[in-house]
Amino acid sequence: KQEVTQIPAALSVPEGENLVLNCSFTDSAIYNLQWFRQDPGKGLTSLLLIQSSQREQTSGRLNASLDKSSGRSTLYIAASQPGDSATYLCGAQGGSEKLVFGKGTKLTVNP
Amino acid sequence: SQTIHQWPATLVQPVGSPLSLECTVEGTSNPNLYWYRQAAGRGLQLLFYSVGIGQISSEVPQNLSASRPQDRQFILSSKKLLLSDSGFYLCAWARGAGGYGYTFGSGTRLTVV
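As they're listed, the protein sequences go chains A and B. Converting from the first sequence to this note's numbering requires adding 1 to each position, the first position being numbered 1. Quick note: the second sequence, position 104, residue 84 per this note's numbering, numbers continuous.
Read the hints as simulated data drawn from the structure, not as lab findings. Glycine included, each C-beta is placed from N, C-alpha and C at the ideal position. Where hints are given, some of them may not hold.
[As the list claims (entries may be wrong)] Label pairs and their calculated CB-CB ranges:
id : chain 1 : residue 1 : chain 2 : residue 2 : range
1  : A       : 83        : B       : -2        : 26 to 34 Å
2  : A       : 54        : B       : -3        : 30 to 38 Å
3  : A       : 83        : B       : 38        : 36 to 44 Å
4  : B       : -13       : A       : 15        : 16 to 24 Å
5  : A       : 104       : B       : -11       : 19 to 27 Å
6  : A       : 10        : B       : 63        : 46 to 54 Å
Modelling step: build the complete structure from the supplied sequences, incorporating the hints.
Dropping the structure here:
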């Protein structure tokens, strides 16, 4: 059974700092890994999707990497801004086509 | 382009009352459909998923049921709500055969009183 863990659970940084969010998964037989952002009371917004054959994906100030062999993914946010404050969730999709989520990292970027 | 609609946005229901949450997808055919619940302080829990009309798989035994009467419609129901059914319910879709990622709706905040 796939289990996904996200560390840290919460993170507070000053504006402008570069930061890394971590995601680990127990079953390396995944189709893809997807990073989402969730604002309070809102649904999930997809940030980056990394296919199992890929090592990383980039979108603007965001870069996500995937290491299937070690069961890890990281989300790198460059030059953080207050608008980046949100909860970040990673989900691992396996052969059953079900997306299993971690509990998220709550990020606060202070002006 | 594909869009996913979920309603209502918020709902306050008394214990013992019925529930019906609806989710529809536009711009695609034969999507995989999913219902998740996010309870306070807990992660996202997969409740039901469907790979086709009338095909429902349940992940967690509970007071809820799901139906897929049409290709792009997914309904979450309960005959009698419990206090523990309170939470944030999210519908999602994905292309079949895996590997394409999920798209989520905006969610329904259900409070059972």
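Verification of the supplied hints:
{"no.": "1", "hint": "83(A) x -2(B): 26 to 34 Å", "result": "43 Å, violated"}
{"no.": "2", "hint": "54(A) x -3(B): 30 to 38 Å", "result": "48 Å, violated"}
{"no.": "3", "hint": "83(A) x 38(B): 36 to 44 Å", "result": "41 Å, holds"}
{"no.": "4", "hint": "-13(B) x 15(A): 16 to 24 Å", "result": "40 Å, violated"}
{"no.": "5", "hint": "104(A) x -11(B): 19 to 27 Å", "result": "24 Å, holds"}
{"no.": "6", "hint": "10(A) x 63(B): 46 to 54 Å", "result": "26 Å, violated"}
In summary, the numbered hints that this structure violates are 1, 2, 4 and 6.
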